[in-house]
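Same order as they appear, the protein sequences are chains A and B. In short: position in the first sequence from 1, add 203, done, that's the working numbering. In short: position in the second sequence from 1, add 1, done, that's the working numbering.
Honestly, the hints are just simulated from the structure, not real lab data. The model shown is predicted, which means the values in this text are computed figures rather than measured ones. Please note that a few of the clues may not be correct.
To be verified - Computed footprint of chain A on chain B, listed as stretches where at least three residues anywhere in the stretch have a Cβ under 8 Å from a Cβ of chain A:
1. 25-36
2. 222-228
What the hints assert, rightly or not - Cβ-Cβ distance ranges computed for the label pairs, FRET-style:
3. GLY388/A <-> ARG9/B: 17 to 25 Å
4. GLN397/A <-> VAL43/B: 17 to 25 Å
5. SER207/B <-> SER263/A: 48 to 56 Å
6. VAL167/B <-> GLY388/A: 40 to 48 Å
7. GLN341/A <-> VAL167/B: 21 to 29 Å
8. PRO101/B <-> ALA317/A: 25 to 33 Å
9. PRO260/A <-> VAL43/B: 44 to 52 Å
By construction, the Cβ of each residue, glycine as well, lies at the ideal position given by its N, Cα and C atoms.
Each chain is listed here by its residues.
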Amino acid sequence: MNAQPVLRLDNVGCSKGGRPLFRGLQCTLRTGHWLHVAGANGAGKTSLLRMLCGLSPIDSGDIFWNGQSIRAQRTEYQQDLCYLGHLNGLQESLTALENLSFATALRGHAAPLAQLAETLARFGVAGRGQQLVRHLSQGQKRRVALARLALAPARLWVLDEPFVAMDDAGMRMLEALIAGHLDHGGLAVLTSHQTVNIGSAPMQTVELRS
Amino acid sequence: MKAGQTRRVGTGAVLLAVLRRETALALRHKGEVLTPLVFFIVIASLFPLAVGPESNLLARMAPGVLWVSALLAAMLSLQRMFASDYADGSLEQMLLSPTPLALLVAAKALAHFVLSGLPLVLVAPVLGLQFGLGGQSLGILMLSLLLGTPTLSLIGGIGASLTLGVRGAGVLLSLLVLPLYIPVLIFGAGAVEADASGLGASGHLSVLAALLVLALFFAPLATTAALRISLE
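Produce the entire structure from the sequences given, and follow the hints as far as they go.
Next up, the structure:
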């Protein structure tokens, strides 16, 4: 892993169904910084985040991680990346613990059961580990999904509306989690309609408009 | 708030986690595992009832009928291979995993074979008895199914990934996948027939094994490409 991971967006543009959403996006994000992607509904925030992850092809321009295009280093890049989208990525018929254990395995890591349970407790879903995800509330599901951020180290967090369905305590907890991540030299990109207050970490904003 | 003491694991452990997850899911939806099996038993049992108890005719029909029934049964559960992972976002996470997607897909196909192909292999000799197949023919039937059904799961994965999120996916999936199943069907049913007519089944079984190797290499790659397109 590079000592100074840098995410750079170079002239990035995106169009959906023939209609341009945004173009000419320039931005450099350094270690310990976070990027707030702002914009109205339909401005292309999710599209940008999905391009950032490599889930969607980059329409125009390019995205660089540590100086190399993410298209040229998919495996290395994905090692450094953790993405939380609109969907939680939790299988409803599995328990919270099973889901968390699988999510961690997918990131190429393993943790003992006690540690998984402890992480769930830290995320405010203590004692729900053995419950099927389908029996959890929206906010609890979101918390289980977020718990994987703490389990597999990734330098870059890409979070699409992470605060949705979270209560006040949940928001504070998540802000503290992101602040800790940035403190340890991580980077974060997130969208949110709420006001986000992540301590003293330097913030950059890109506003999407066509 | 750092990761603490998680340890890095190899690709094998990740694939094992996929298998364990698929098994846990199957155990929680037993109906989905049993449906193809019951379907296989019912379809294959209808033929002796419809055709009548003429043992020569039944024994001649047996390989074809059993293979077609097995093929249709294996197809029943294909649609679910990626559907729920697609709906709940697990598939996105698999795409973003540092473990190559083709390997994850291969593990899912293996799980599909174990959970829906293998039961067919095990129950086939019992059904073969209804058709008056002899001991050796039953052995060849099982062997041909054992070599053929993993290929069906692998090829089926391509169809399942291509029809993700498409309306009326079930019918489209059958139309896509059935033509690709033809070689497996010909050599699978052919193996039992060749053995019954004294020609020896080794040629057919070798072709089945070759098809399996071919599918093992190409199907996960094709499935991966289709999944990436489905998730764009």
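Checked hints:
1. Counting residues of the segment 25-36 of chain B whose beta carbon lies closer than 8 Å to any beta carbon of chain A gives 4, which meets the minimum of three for the stated coverage.
2. With a threshold of 8 Å between beta carbons, the proposed coverage of the segment 222-228 of chain B by chain A is violated, since 0 of its residues qualify and at least three are required.
3. Distance hint check: the CB atoms of GLY388/A and ARG9/B are about 19 Å apart, consistent with the given range 17 to 25 Å.
4. In this structure the supplied range 17 to 25 Å is violated for GLN397/A paired with VAL43/B, their Cβ-Cβ distance being about 55 Å.
5. Between SER207/B and SER263/A the Cβ separation comes to about 51 Å, which falls inside the hinted range of 48 to 56 Å.
6. For the pair VAL167/B and GLY388/A, the supplied restraint of 40 to 48 Å holds, since their beta-carbon distance comes to about 43 Å.
7. Roughly 28 Å separates the CB atoms of GLN341/A and VAL167/B, a value that falls within the hinted 21 to 29 Å.
8. Checking the proposed 25 to 33 Å range against PRO101/B and ALA317/A shows it holds: the Cβ atoms sit about 30 Å from each other.
9. Separation of PRO260/A from VAL43/B is about 46 Å and conforms to the stated range, judged on CB atoms against 44 to 52 Å.
Hint compliance for this structure: hints 2 and 4 are broken, all remaining hints hold.
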